[in-house]
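Trainee: Please put together the full structure from these sequences, using the hints given.
Chains A and B supply the protein sequences, listed in that same order. The opening position of the first sequence corresponds to residue 86 in the working numbering, with each subsequent residue numbered one higher. The opening position of the second sequence corresponds to residue 4 in the working numbering, with each subsequent residue numbered one higher.
No lab work stands behind these hints: they were computed from the structure. Check each hint, because a few of them may be wrong.
What follows is a set of in silico ranges between Cβ atoms, one per label pair, in the way DEER data are often shown [stated by the list, open to error]:
{"id": "1", "chain 1": "B", "residue 1": "121", "chain 2": "A", "residue 2": "225", "range": "32 to 38 Å"}
{"id": "2", "chain 1": "A", "residue 1": "114", "chain 2": "B", "residue 2": "145", "range": "35 to 41 Å"}
{"id": "3", "chain 1": "A", "residue 1": "201", "chain 2": "B", "residue 2": "122", "range": "53 to 59 Å"}
Beyond 12 Å from chain B on every Cβ pair, some chain A residues (computed) [unchecked claim]:
{"id": "4", "residue": "96"}
{"id": "5", "residue": "100"}
{"id": "6", "residue": "107"}
{"id": "7", "residue": "261"}
{"id": "8", "residue": "282"}
{"id": "9", "residue": "305"}
{"id": "10", "residue": "437"}
Chain B side only, calculated, beta carbon under 10 Å to chain A, not exhaustive [claimed, not checked]:
{"id": "11", "residue": "55"}
{"id": "12", "residue": "82"}
{"id": "13", "residue": "84"}
{"id": "14", "residue": "86"}
{"id": "15", "residue": "88"}
{"id": "16", "residue": "97"}
{"id": "17", "residue": "99"}
{"id": "18", "residue": "104"}
{"id": "19", "residue": "106"}
{"id": "20", "residue": "107"}
{"id": "21", "residue": "109"}
{"id": "22", "residue": "110"}
{"id": "23", "residue": "114"}
{"id": "24", "residue": "141"}
{"id": "25", "residue": "160"}
{"id": "26", "residue": "163"}
Here a beta-carbon is modelled for each residue, glycine too, at the ideal position from N, C-alpha and C.
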Amino acid sequence: MSAQPSFYSRFAADRFYLWNLVALVGVALALGHAAAGGGLLSEYAINALGQFAAFAILALSLDLIWGYLGILSLGHGLFFAIGGYAIAMHLLKHSYLTTGIVPDFMQFMGWKQFPAYWVWFEHFPYAVAAGLLFAFAIALVFGFVSFRSRVNGVYFAIITQALVYVAMLLMFRNDTGFGGNNGMTGFSVVFGARLGQSSVTALLALAAVVTLIATLIGCRALVISRVGAIMIACRDDETRLRTLGYRTIALKLSIWCLSAVLAAIAGMLYVPLVGIINPRVLSPELSLEIAVWVAIGGRGRLFGAVIGAVTINAVKFLLSARAPELWPFMLSALIVLVALIFPNGLLDLPALRSLIREFVKRPGAGRLTRFKSAS
Amino acid sequence: MGTPAIVVSGLTVQFGSFRALDGLSLAVEYGQIHALIGPNGAGKTTLLDAISGITRSSGGSISLNGLTELTRCNEVDIALSGIRRKFQKPSVFEALSVRDNIALGIPSARQAGLVGQSAIDQRIEATLDVIGLAEQSARLAGELAHGQKQWLEIGIVLASDPKVLMLDEPVAGLTDEETERTGVLLRKLKHPARAIILVEHDMDFVEQVADRVTVLHEGKTLFEGSMKNARLDPGVIDVYLGR
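Mentor: Below, the structure written as structure tokens:
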């Protein structure tokens with residue numbers, strides 16, 4: 086009669102999700118083709134796809150805590166940057182050991198040796214582990230203090246914004262050993278292969294898209310599980326959930342740390358593709374923009390975050406080549422539209438069609454009303 | 004005389020200079036439906052808030068089974084010790100299915116005395132049957148009618164087989180027929196190992212289901228006894244029931 090549907094049938098229940106996943110697998114295959122030497126995609130397109138995939142993972146990490154748990158972070162650039170810096174340190178040290186060229190920032194500071202905390206960063210697994218662990222540790226301490234003191238909502242968002250700003254000020258200093266305001270660049274070698282070759286770029290982009298697919302599958306498995314139901318319940322009525330016997334602080338802390346680690350992974354995939362990292366990824370603007378991607382794409386639907394990140398960044402890429410001065414106006418207009426008319430972002434567009442049809446059928450009767458918010 | 008489940012003694016809850024509860028003492032026994040009635044602001048919901056740990060008391064004690072001192076516990080531990088509460092405003096998780104809502108009522112299978120997934124599933128089915136929402140189990144809770152939401156919330160708090168069940172206005176906003184069904188449901192929930200605290204403004208409903216009535220007024224007990232006698236008590240008539 087009312088037995089719980091199986092995990093598989095619940096996973097497959099969302100057709101929208103499945104079709105998008107199939108499309109992403111198509112993108113991965115095209116990138117695989119390019120990595121094998123096929124000339125289907127231009128080098129610019131390959132690089133852009135890889136960057137979009139990294140941004141999509143970053144947006145997903147925010148959707149997990151904002152869309153499903155109701156915790157808005159305006160400082161997720163911090164965790165993205167931690168991942169990015171860790172991989173940049175690896176690339177620089179690996180390049181130095183292969184080519185013997187002393188990195189710019191050390192020449193600038195007159196240093197002959199890497200600072201002590203750069204030890205072992207030439208080993209890729211160590212660099213990845215160190216980056217993820219550091220992101221996890223920062224999230225754990227910050228989350229524990231905030232959630233235990235029941236800092237929620239807007240207050241939490243403001244503190245995360247302050248945190249990323251503090252990190253930016255710290256990284257702008259030249260004596261920290263992370264490249265100061267110039268950041269780190271000049272990575273020449275990755276896994277012994279020359280960066281900049283089109284097959285290497287394609288492989289890096291492929292890695293980003295495959296990680297995105299894995300992240301999407303993992304997140305979907307999480308949100309349709311019992312833990313996912315508890316997350317949604319916590320988002321909608323935390324007090325209610327606590328009076329049913331759930332330790333919501335532990336739940337929020339776990340998902341918050343998971344989100345931070347995902348954002349760090351996104352940073353690790355992003356930096357080798359763009360070839361540079363500097364403190365500007367820690368600017369409050371970028372962290373705000375991540376929230377805008379998710380809001381415009383639609384919260385709490387996983388693919389909403391992906392679509393938001395890809396659409397916004399694609400438009401930004403196109404405009405920055407032709408009319409960069411228009412970008413801030415377009416972004417602001419989109420935010421206003423989302424705030425006033427589409428609380429669920431682009432995912433509301435299919436519903437707009439039926440609204441227009443109603444309006445045409447019964448002139449005057451179908452006033453453009455707000456869509457019902459999903460959360 | 005039954006065994007007391009909850010014993011409240013000398014409980015004071017203060018909001019600024021306002022005393023919502025003023026040295027209140029009360030015992031709720033197993034196997035009974037104990038109704039709390041009184042005018043608005045008498046402290047009925049505040050008492051439920053204090054028992055469930057949402058509001059801190061500034062004096063006095065609340066004990067469960069004469070052992071656990073609840074004023075020193077947080078709301079999670081209180082819930083896990085077997086106390087559940089239905090809120091005045093139907094508090095169901097609207098974005099989740101009816102079945103998922105009931106499943107959330109069982110935070111820990113071990114605490115609810117269930118072993119294995121099949122035992123949990125059986126408990127969920129049984130709860131859905133008791134509240135009469137088995138046919139609706141796949142629907143989103145947000146799509147339910149007001150009365151169904153009230154029953155669903157009773158199902159959520161019932162799923163873990165609680166020792167103490169607190170129901171804050173379970174028939175508010177229901178039709179006569181729905182109120183009658185809720186009365187039948189409540190009598191079914193009576194159990195020798197369960198104490199039920201009921202806050203309600205519908206006096207006929209209270210008279211139908213309650214074994215014992217406490218009338219609160221300005222944070223103190225005004226009357227305790229049967230509903231029939233409450234209706235005859237001059238003090239109660241004066242401040243609450245009217246002539």
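Trainee: Look at each hint and say if it fits the structure.
Mentor: Going through the hints against the structure:
Separation of residue 121 of chain B from residue 225 of chain A is about 37 Å and conforms to the stated range, judged on CB atoms against 32 to 38 Å. In this structure the hint that residue 114 of chain A and residue 145 of chain B lie 35 to 41 Å apart at CB holds, the actual value being about 40 Å. Checked against the given bound of 53 to 59 Å, the beta carbons of residue 201 of chain A and residue 122 of chain B, roughly 57 Å apart, stay inside it. Against chain B, the non-interface label of residue 96 of chain A holds: every CB pair exceeds 12 Å, the least being about 15 Å.
Residue 100 of chain A, annotated as away from the interface, keeps every beta carbon of chain B farther than 12 Å; the closest lies near 17 Å. Remark: the non-interface label on residue 107 of chain A is consistent with the geometry, its nearest Cβ contact in chain B lying 26 Å away (cut-off 12 Å). Here residue 261 of chain A stays apart from chain B, with its beta-carbon at least about 41 Å from theirs, past the 12 Å limit. With a minimum CB-CB distance of about 48 Å to chain B, residue 282 of chain A clears the 12 Å threshold, and the non-interface call stands.
Separation of residue 305 of chain A from chain B is adequate, the least Cβ-Cβ distance of about 16 Å exceeding the 12 Å criterion. Under the 12 Å C-beta cut-off, the non-interface status given to residue 437 of chain A relative to chain B holds; the minimum distance is some 22 Å. Hint status for residue 55 of chain B: holds, given a least beta-carbon distance of 5 Å to chain A, under 10 Å. Interface hint status for residue 82 of chain B: upheld, as the beta-carbon distance to the closest one in chain A is roughly 4 Å, under 10 Å.
For residue 84 of chain B, the interface hint holds, the least distance from its beta-carbon to any beta-carbon of chain A being 9 Å, beneath 10 Å. For residue 86 of chain B, the interface hint holds, since its Cβ comes within 10 Å of a Cβ in chain A; the closest pair sits about 9 Å apart. Given hint, residue 88 of chain B at the interface with chain A, holds; its Cβ is 6 Å from that chain's nearest Cβ, closer than 10 Å. Satisfaction of the interface hint for residue 97 of chain B is found here, the shortest Cβ-Cβ separation to chain A being roughly 7 Å, below the 10 Å cut-off.
This hint holds: residue 99 of chain B has a C-beta 6 Å from the nearest C-beta of chain A, less than the 10 Å allowed. Given the 10 Å rule on beta carbons, the hint for residue 104 of chain B holds: about 8 Å separates it from the nearest Cβ of chain A. With its C-beta approaching chain A no nearer than about 7 Å, residue 106 of chain B sits inside the 10 Å limit, and its interface hint holds. For residue 107 of chain B, the interface hint holds, since its Cβ comes within 10 Å of a Cβ in chain A; the closest pair sits about 6 Å apart.
At a threshold of 10 Å, the smallest CB-CB gap from residue 109 of chain B to chain A is about 9 Å, leaving the interface hint in force. With a least beta-carbon distance of about 4 Å to chain A, the hint placing residue 110 of chain B at the interface is held under the 10 Å criterion. Taking 10 Å as the C-beta contact cut-off toward chain A, the hint placing residue 114 of chain B at the interface holds, the least distance being around 7 Å. Restraint check, residue 141 of chain B versus chain A: the minimum CB separation of about 7 Å is within 10 Å; hint holds.
Among the interface hints, the one on residue 160 of chain B holds; its C-beta lies about 8 Å from the nearest C-beta in chain A, closer than the 10 Å criterion. The interface hint given for residue 163 of chain B is met, as the beta carbon of that residue sits about 7 Å from the closest beta carbon of chain A, less than 10 Å.
Checked against the numbered hints given earlier, the structure satisfies every one of them.
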